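Take a look at the letters that make up each chain.
Number of protein chains: 2
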Amino acid sequence: MRDFSNDHSALALNTATLGHNLEGHGAGWSPEQIIDACAARSMAGIVFWRREIGDRAIEIGERVRAAGMEVVGLCRTPYLTGSEAPETLDEARASVDMATALGAEVLTIVTGGTEPGTKGVLDSQKVLAERVARLAEYAGDRGVKLALEPLNPMFGGNRTCLFTVRDALNVCRAIDAPNVGIAVDIYHVWWDTGLHNSLAEAGGRILGYHLCDWLENTRDMLLDRGMMGDGVVDLKAIRRDVEAAGYAGACEVEIFSARDWWQRDPNEVLDTMVERFRTVC
Amino acid sequence: MRDFSNDHSALALNTATLGHNLEGHGAGWSPEQIIDACAARSMAGIVFWRREIGDRAIEIGERVRAAGMEVVGLCRTPYLTGSEAPETLDEARASVDMATALGAEVLTIVTGGTEPGTKGVLDSQKVLAERVARLAEYAGDRGVKLALEPLNPMFGGNRTCLFTVRDALNVCRAIDAPNVGIAVDIYHVWWDTGLHNSLAEAGGRILGYHLCDWLENTRDMLLDRGMMGDGVVDLKAIRRDVEAAGYAGACEVEIFSARDWWQRDPNEVLDTMVERFRTVC
Numbered sequence: 012m013r014d015f016s017n018d019h020s021a022l023a024l025n026t027a028t029l030g031h032n033l034e035g036h037g038a039g040w041s042p043e044q045i046i047d048a049c050a051a052r053s054m055a056g057i058v059f060w061r062r063e064i065g066d067r068a069i070e071i072g073e074r075v076r077a078a079g080m081e082v083v084g085l086c087r088t089p090y091l092t093g094s095e096a097p098e099t100l101d102e103a104r105a106s107v108d109m110a111t112a113l114g115a116e117v118l119t120i121v122t123g124g125t126e127p128g129t130k131g132v133l134d135s136q137k138v139l140a141e142r143v144a145r146l147a148e149y150a151g152d153r154g155v156k157l158a159l160e161p162l163n164p165m166f167g168g169n170r171t172c173l174f175t176v177r178d179a180l181n182v183c184r185a186i187d188a189p190n191v192g193i194a195v196d197i198y199h200v201w202w203d204t205g206l207h208n209s210l211a212e213a214g215g216r217i218l219g220y221h222l223c224d225w226l227e228n229t230r231d232m233l234l235d236r237g238m239m240g241d242g243v244v245d246l247k248a249i250r251r252d253v254e255a256a257g258y259a260g261a262c263e264v265e266i267f268s269a270r271d272w273w274q275r276d277p278n279e280v281l282d283t284m285v286e287r288f289r290t291v292c
Numbered sequence: 012m013r014d015f016s017n018d019h020s021a022l023a024l025n026t027a028t029l030g031h032n033l034e035g036h037g038a039g040w041s042p043e044q045i046i047d048a049c050a051a052r053s054m055a056g057i058v059f060w061r062r063e064i065g066d067r068a069i070e071i072g073e074r075v076r077a078a079g080m081e082v083v084g085l086c087r088t089p090y091l092t093g094s095e096a097p098e099t100l101d102e103a104r105a106s107v108d109m110a111t112a113l114g115a116e117v118l119t120i121v122t123g124g125t126e127p128g129t130k131g132v133l134d135s136q137k138v139l140a141e142r143v144a145r146l147a148e149y150a151g152d153r154g155v156k157l158a159l160e161p162l163n164p165m166f167g168g169n170r171t172c173l174f175t176v177r178d179a180l181n182v183c184r185a186i187d188a189p190n191v192g193i194a195v196d197i198y199h200v201w202w203d204t205g206l207h208n209s210l211a212e213a214g215g216r217i218l219g220y221h222l223c224d225w226l227e228n229t230r231d232m233l234l235d236r237g238m239m240g241d242g243v244v245d246l247k248a249i250r251r252d253v254e255a256a257g258y259a260g261a262c263e264v265e266i267f268s269a270r271d272w273w274q275r276d277p278n279e280v281l282d283t284m285v286e287r288f289r290t291v292c
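These protein sequence lines are chains A and C, in that order. Numbering (the numbering used here) for the first sequence: 12 to 292. Numbering (the numbering used here) for the second sequence: 12 to 292.
Hints listed in this document are in silico derivations from the structure and should not be mistaken for laboratory results. As the structure is a prediction and not an experimental result, all values here were calculated from the model. Cβ atoms here follow ideal geometry from the backbone N, Cα and C, with glycine treated the same way. Hints should not be assumed to be uniformly reliable.
[Claimed, not checked] Derived list of chain A stretches under chain C, where covered just means 3 residues or more per stretch with a C-beta under 8 Å from a C-beta of chain C:
| id | segment |
| --- | --- |
| 1 | 173-181 |
| 2 | 199-206 |
| 3 | 225-232 |
| 4 | 239-249 |
Throw the hints in and build the complete structure from the sequences for me.
Written out as structure tokens, the structure reads:
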């Protein structure tokens, strides 16, 4: 297990931590301001959301690398299942194109919910596997990896049909493409007593590791994540298992927090991230 | 698997479906009104919440049986873990006493959250097992069974340290008492692709089966459950597994629904329950 106590060179910012994933939230910093602030703190890189990038993907990617960092990933494809999924894969392919232009190695997939006309989980997972397999061909030709992210079961119905790392691995195996893996976000999987065993079977499939904390009293399903150390997650135990599965990449901080961290000066948020990364992650 | 298409003699009402679990909600019917309405519809029985019973447990229990039904269960002990758990088991023992006085065979346990000073799940489950084992002795002497209810992982932190049927079975095995089992509530477990296998290992441990539905668009963590048939749960598949594990008891409808069903005439709610039970459960 890597020792981060005096080293945050693996730390990355997901810009959702500054509220940049949602219209009308957050500090409103430009991508350039974010890049400069992360570079000044010697971070590994940044994960952007599509809405920040617009048509400036090449320019922003180059700027990140010129500052000595990497574009660690891009959030995210549109939903691929459920009643809100677009009818075609066109928008999903466009998000692959954006990842390519940014030079982001990994594109995250939040799957979408239950397929219309079906009940339960397995039918939706089958549809998902078929659609991701098609997208993976397109992405593979462009050097982009796809990370299936299981979500906390509270997001069943309209946001996800993958609820555990085991679910995501099962779909990966069904697809069996070299550029399809999983993202492990502690917010979504911390509660799973099967996680240790699932991660042990993940070898090589982990494409992203997302940090935040689960607050003891979560007040909002979507926008009340905690800063690392402020909640009940055993962060080091999970990182140990993630690294034992072979993951040696960036640790990306992704905190949706409309009432707390998004209200603060982004410089304070970034400084706190660095300090907590070294002490509790 | 039992055929309910022309038979609802296994249907029970959990009075939370009428808003009776929370102060300031629901129809405000007296226990007597509820008993008469359920008996008029030839239901199997009723599950009450402690706040409705007060000091009238014996009287209410007798009234239920005089109407030809059973008191199927009582909700619930106070939390046994987490920062909101009382310091002693006194209140938990008092809830056992109330179940005895009511003539309710089963007392449900919602465990409470993460033990103060711990991280993750396993330490809290150990504390839980120790406390439930002590309570089980007291309950066993009084003929009361304790049903550990796993909750949807969105309730981690402050409400539960059991997230799956497998978690609950693991704690049951650690306690190894003849009067400790589990409650299976489809709202909490519907998403679990391991459920089929977990239930296959539950043989004889299932003490309650709770019905509602998971709405595609859930607007509130606690109070937005759906009527059976209105959501995405594969109700018949889960009941098949529950019955294959040996469960032949009542199917209890428990719908927390502040914005919809709690706003309606209780007679409409009860009639809809009966119709949906026969057609989609």
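Now the hints, each set against the structure:
For a cut-off of 8 Å, the count of residues in the segment 173-181 of chain A with a CB near a CB of chain C stands at 5, and the three-residue condition holds. Requiring three or more residues with a Cβ within less than 8 Å of a Cβ of chain C, the coverage given for the segment 199-206 of chain A holds, as 5 such residues are present. Only when three residues or more bring their CB closer than 8 Å to a CB of chain C does the claim for the segment 225-232 of chain A stand; here the count is 6, and the claim holds. Taking a C-beta to C-beta cut-off of 8 Å, the segment 239-249 of chain A contributes 6 residues in contact with chain C, enough for the three needed, and the coverage statement holds.
The structure is consistent with each of the numbered hints, conforming to all of them.
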